[in-house]
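Visitor: Next come the chains, spelled out residue by residue.
2 protein chains.
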Amino acid sequence: MFNKTEENAVRYRRAQSVTKAEEITEKEKKARKSQLDKPCHKPRDSLFSWSSEFTNFTGLVNWGFLMLTIGGLRLCLENFLKYGIRVNPFEWFIVLTGHNEGYSHQYPSVILLIFSVVPAVTCLLIEKAIAVEILSQKLGVSLQIINMVSEISLPVIILYFKGTQFSFVGITTVCTIYLVLFLKLWSYCQTNHWCRLGMKGKQYKNTLRRQSLSAPNWNELVNAEHEQTLEDEKHDFVSAGLVKYPDNLTLKDLFYFLLAPTLCYELNFPRTTRIRKRFLIKRIIEVVFGVNLVMALFQQWMIPSVRNAVDPFSEMGIVKMTERLLKLAVPNHLIWLCFFYLSFHSFLNLMGELLHFADRNFYSDWWNANNISVFWSSWNMPVHLWAVRHVYIPMTEIGYTKGSASIVVFFISAFFHEYLVSVPLQMFRVWAFLGMMAQPPLSVISRVVEKKLGARWGNIIVWSSLILGQPLAIMMYYHDYALAHFAPQQ
Amino acid sequence: MFNKTEENAVRYRRAQSVTKAEEITEKEKKARKSQLDKPCHKPRDSLFSWSSEFTNFTGLVNWGFLMLTIGGLRLCLENFLKYGIRVNPFEWFIVLTGHNEGYSHQYPSVILLIFSVVPAVTCLLIEKAIAVEILSQKLGVSLQIINMVSEISLPVIILYFKGTQFSFVGITTVCTIYLVLFLKLWSYCQTNHWCRLGMKGKQYKNTLRRQSLSAPNWNELVNAEHEQTLEDEKHDFVSAGLVKYPDNLTLKDLFYFLLAPTLCYELNFPRTTRIRKRFLIKRIIEVVFGVNLVMALFQQWMIPSVRNAVDPFSEMGIVKMTERLLKLAVPNHLIWLCFFYLSFHSFLNLMGELLHFADRNFYSDWWNANNISVFWSSWNMPVHLWAVRHVYIPMTEIGYTKGSASIVVFFISAFFHEYLVSVPLQMFRVWAFLGMMAQPPLSVISRVVEKKLGARWGNIIVWSSLILGQPLAIMMYYHDYALAHFAPQQ
Numbered sequence: 000m001f002n003k004t005e006e007n008a009v010r011y012r013r014a015q016s017v018t019k020a021e022e023i024t025e026k027e028k029k030a031r032k033s034q035l036d037k038p039c040h041k042p043r044d045s046l047f048s049w050s051s052e053f054t055n056f057t058g059l060v061n062w063g064f065l066m067l068t069i070g071g072l073r074l075c076l077e078n079f080l081k082y083g084i085r086v087n088p089f090e091w092f093i094v095l096t097g098h099n100e101g102y103s104h105q106y107p108s109v110i111l112l113i114f115s116v117v118p119a120v121t122c123l124l125i126e127k128a129i130a131v132e133i134l135s136q137k138l139g140v141s142l143q144i145i146n147m148v149s150e151i152s153l154p155v156i157i158l159y160f161k162g163t164q165f166s167f168v169g170i171t172t173v174c175t176i177y178l179v180l181f182l183k184l185w186s187y188c189q190t191n192h193w194c195r196l197g198m199k200g201k202q203y204k205n206t207l208r209r210q211s212l213s214a215p216n217w218n219e220l221v222n223a224e225h226e227q228t229l230e231d232e233k234h235d236f237v238s239a240g241l242v243k244y245p246d247n248l249t250l251k252d253l254f255y256f257l258l259a260p261t262l263c264y265e266l267n268f269p270r271t272t273r274i275r276k277r278f279l280i281k282r283i284i285e286v287v288f289g290v291n292l293v294m295a296l297f298q299q300w301m302i303p304s305v306r307n308a309v310d311p312f313s314e315m316g317i318v319k320m321t322e323r324l325l326k327l328a329v330p331n332h333l334i335w336l337c338f339f340y341l342s343f344h345s346f347l348n349l350m351g352e353l354l355h356f357a358d359r360n361f362y363s364d365w366w367n368a369n370n371i372s373v374f375w376s377s378w379n380m381p382v383h384l385w386a387v388r389h390v391y392i393p394m395t396e397i398g399y400t401k402g403s404a405s406i407v408v409f410f411i412s413a414f415f416h417e418y419l420v421s422v423p424l425q426m427f428r429v430w431a432f433l434g435m436m437a438q439p440p441l442s443v444i445s446r447v448v449e450k451k452l453g454a455r456w457g458n459i460i461v462w463s464s465l466i467l468g469q470p471l472a473i474m475m476y477y478h479d480y481a482l483a484h485f486a487p488q489q
Numbered sequence: 000m001f002n003k004t005e006e007n008a009v010r011y012r013r014a015q016s017v018t019k020a021e022e023i024t025e026k027e028k029k030a031r032k033s034q035l036d037k038p039c040h041k042p043r044d045s046l047f048s049w050s051s052e053f054t055n056f057t058g059l060v061n062w063g064f065l066m067l068t069i070g071g072l073r074l075c076l077e078n079f080l081k082y083g084i085r086v087n088p089f090e091w092f093i094v095l096t097g098h099n100e101g102y103s104h105q106y107p108s109v110i111l112l113i114f115s116v117v118p119a120v121t122c123l124l125i126e127k128a129i130a131v132e133i134l135s136q137k138l139g140v141s142l143q144i145i146n147m148v149s150e151i152s153l154p155v156i157i158l159y160f161k162g163t164q165f166s167f168v169g170i171t172t173v174c175t176i177y178l179v180l181f182l183k184l185w186s187y188c189q190t191n192h193w194c195r196l197g198m199k200g201k202q203y204k205n206t207l208r209r210q211s212l213s214a215p216n217w218n219e220l221v222n223a224e225h226e227q228t229l230e231d232e233k234h235d236f237v238s239a240g241l242v243k244y245p246d247n248l249t250l251k252d253l254f255y256f257l258l259a260p261t262l263c264y265e266l267n268f269p270r271t272t273r274i275r276k277r278f279l280i281k282r283i284i285e286v287v288f289g290v291n292l293v294m295a296l297f298q299q300w301m302i303p304s305v306r307n308a309v310d311p312f313s314e315m316g317i318v319k320m321t322e323r324l325l326k327l328a329v330p331n332h333l334i335w336l337c338f339f340y341l342s343f344h345s346f347l348n349l350m351g352e353l354l355h356f357a358d359r360n361f362y363s364d365w366w367n368a369n370n371i372s373v374f375w376s377s378w379n380m381p382v383h384l385w386a387v388r389h390v391y392i393p394m395t396e397i398g399y400t401k402g403s404a405s406i407v408v409f410f411i412s413a414f415f416h417e418y419l420v421s422v423p424l425q426m427f428r429v430w431a432f433l434g435m436m437a438q439p440p441l442s443v444i445s446r447v448v449e450k451k452l453g454a455r456w457g458n459i460i461v462w463s464s465l466i467l468g469q470p471l472a473i474m475m476y477y478h479d480y481a482l483a484h485f486a487p488q489q
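Respectively, the protein sequence lines represent chains L and Z.
Residue numbering for the first sequence follows numbering that gives the first Met the number 0, starting at 0 and increasing by one per position.
Residue numbering for the second sequence follows numbering that gives the first Met the number 0, starting at 0 and increasing by one per position.
Each hint should be verified, as a subset may be incorrect.
Unchecked claim - Sample of chain L residues at the chain Z side, in silico, Cβ under 10 Å: (1) P42; (2) Y264; (3) V329; (4) Y340; (5) R359; (6) S363; (7) N367.
To be verified - Derived DSS-like pairs: lysine-lysine, alpha-carbon spacing no greater than 25 Å straight-line: (8) K251/L with K37/Z; (9) K281/L with K41/Z; (10) K319/L with K81/L; (11) K199/Z with K37/L.
These aren't lab readings, by the way, just hints derived from the structure by calculation.
Bear in mind that the values here come from a model prediction, so they are computed numbers and not experimental data.
Heads up, the beta-carbon is just placed ideally off N, CA and C, and yes, glycines get one too.
Take these sequences, add in the hints, and give me the full structure.
Guide: Okay, here's the thing in structure tokens:
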């Protein structure tokens, strides 16, 4: 029992600095051994001294893990003692549907969600019309743009000009769905446009080829050869089961794309051959359990913290403000983590599995991101892929620089963040917009930190901005919201 | 900006399970490439899916570190907001000396500390008397035992039978010093005893040798040879500068041992040749700064938590009790960590450096301990070494089993823990004793955990028992203390 540690202790200790001075001679050693007092000391350094060269602190990782667990458990208990149990599943239903709010038995959110089919079908009809050349290219594209702009403006118009009352969660859902639909239709139209341009290019090349090869004796031979090539090409597509423009312009194809967990349209998505039942069941359980967990955390932890936070925020005492911000940061961050896993892993994988959609690249390893731009290009892969394919690359192809293309991407992203926050809150502040537009300069700073202090500190900057940035924005909005709704009129 | 992550994503993703089913043929790939819709999807798994075989979560270590920092910062701010600033250096002085408590201007602690020289010198005198054979071996050893027992009982006697009033910190210091002195004197007497036994054994052997070699013609030759050997031996010791019994029985040697950072006496301690000034200054700064930090943490964080804890502890509501225990656990643990570093690294190294004491093995790497017995044999090396050298090994040499020797070590340790707590608190409860005696069974459990669940979980058990066990004992004592002093008499 004692010997083992004794050995370890001896093994680790190379008491260099203390020993160096007094190299014990062999003779002295022998003399010491022959002593009768059973000597038990020898020159060596303490482990925390640099000179001991001891570096094994792996146990401290477990310590950190335990302290986090204990802290979390205590926070949980404290919360229950302070606020009692606030989780109320029935309330979710009310909030979700807008029912029981007195003024509305019309479920405007549900109606708007169903109505979203109309712009989608309109988009398909316009595409079809362009394909069969009822509409000219130019007119068609203009109609598509009008269709998309009116689609994205619809919630705003209904909310402001019709003055319909929505529940908060209801209108948030509507805005999210309408935004996703907007991005998907953009991708759909642009991809179809590429196909048309490509076809025209090919036809043009073929025409050129035929004209140049119009020598009489070669003519038939080459013509036959060309027909053969076209035939081959067609056969290849059919054998691989690949759809070709304009055969893709069907309702079934459009709705598959609208439901599929991606924002980028292509004619032939990679597909899986079967639905893995265990995988599907796991994801369903995660979604059902996870939504309830997030809701519970929100009611139990987030709402009280935000309510508590607003009072000192108006008084603007810096210490109390910081304390409240930090207090809000922890539940907010945990809810965000749950939300991330729930949406990007459980829900999107569930949809993918159901639809045989094989590309599950919904997120990259953003938790290892060493600077902020890496984080933004890895946490939300569907949006990232969309931004690269439909904004960044087209812009650089036209001739813009990479820098300005990035700025435009961030600008569009900032605009849609603001859209998702301002419309449901019915407050046109610019905190979300500014928060997003602060990312490019922050990203420069984090890249400098990464270069000067190493990857570890870059990663810490990314995490800090994530943990502290969000609650700051939330408190800004809630502060304004509380001022607008609860403050005494002056 | 985008390409880098894209590459990373591709590198990490080997979408096996999704891909396996639909190995894309070369032909299909070619067909896809010739498509006009710029396909951007390919079959791959999400990183959290087991089938992705992705394991790089190093960023989460930084996350844990940040969450701990943020939690700590918030606790700190909350504490200041709740309790104001309670740090009061003047109060330390009062508590330390017992001054200003009204009833005592005699500084009994200081007097007792000075008086501790008396049993030490008595011990030396008895040893000397045995060495020069004024006292018989047996009588001498009995006198030593009486001396040591009266030394360790002195604080108790003064406190209970004289009824002297001590400050809490004062009496704690006295008890600690008297306990250390007791262990040192034990080691001193036992080591000298070994030397005497060894000398006698040698003399006996020499006598035997002389008798057996008493053949007339060999006699002188051998005698001369033997004298030469003795002479050689003596010369060896002198040349190596080693002291031999009974030359060690001096005041200077005794006081060096009493001040040296070890509990085990030996005649020739390994020494350093010089005092490293930078090292010394660092340790002095650590001691001065660290003592203030611990005091501040204690006043600001620990005392309010314990005070808050006692109320719900009497009412014994299990949820509130757990919450308070966890709340107390964090400051208690941090103070213990500070105290550990301060005593075992800063202070003992400071003493070692000042006294040219070369063996700085004051602690081993207990933070990596995978079971509780390893922890106990590595966190406090002076006591561990003392227990092994003066209790464990002598007991096994007499013929006891290793198991019973370990139990005796834990029993003695438990007794002295109780001594250090009960005497200052003037409450003879058995919580500390029971806490120590619970260690052997706990150690068996932790070893089973280590074997079944692996070293990591063994280490977690060790940390948990450390983080949660101490505040539990503290609350037990404070609960009893509060009941005895503040509770309404029935």
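Visitor: Look at each hint and say if it fits the structure.
Guide: Taking the hints in turn, this is what the structure says about them:
1. P42: This interface hint holds because 4 Å falls under the 10 Å limit.
2. Y264: Holds: closest Cβ of chain Z sits about 7 Å from Y264/L, inside 10 Å.
3. V329: Status holds, d = 7 Å.
4. Y340: Given a least distance of 7 Å, the restraint on Y340/L holds.
5. R359: holds (4 Å)
6. S363: holds (4 Å)
7. N367: holds (4 Å)
8. K251/L with K37/Z: This hinted pair holds, its Cα atoms lying about 21 Å apart.
9. K281/L with K41/Z: holds (23 Å)
10. K319/L with K81/L: Holds: K319/L and K81/L sit about 19 Å apart, inside 25 Å.
11. K199/Z with K37/L: holds (16 Å)
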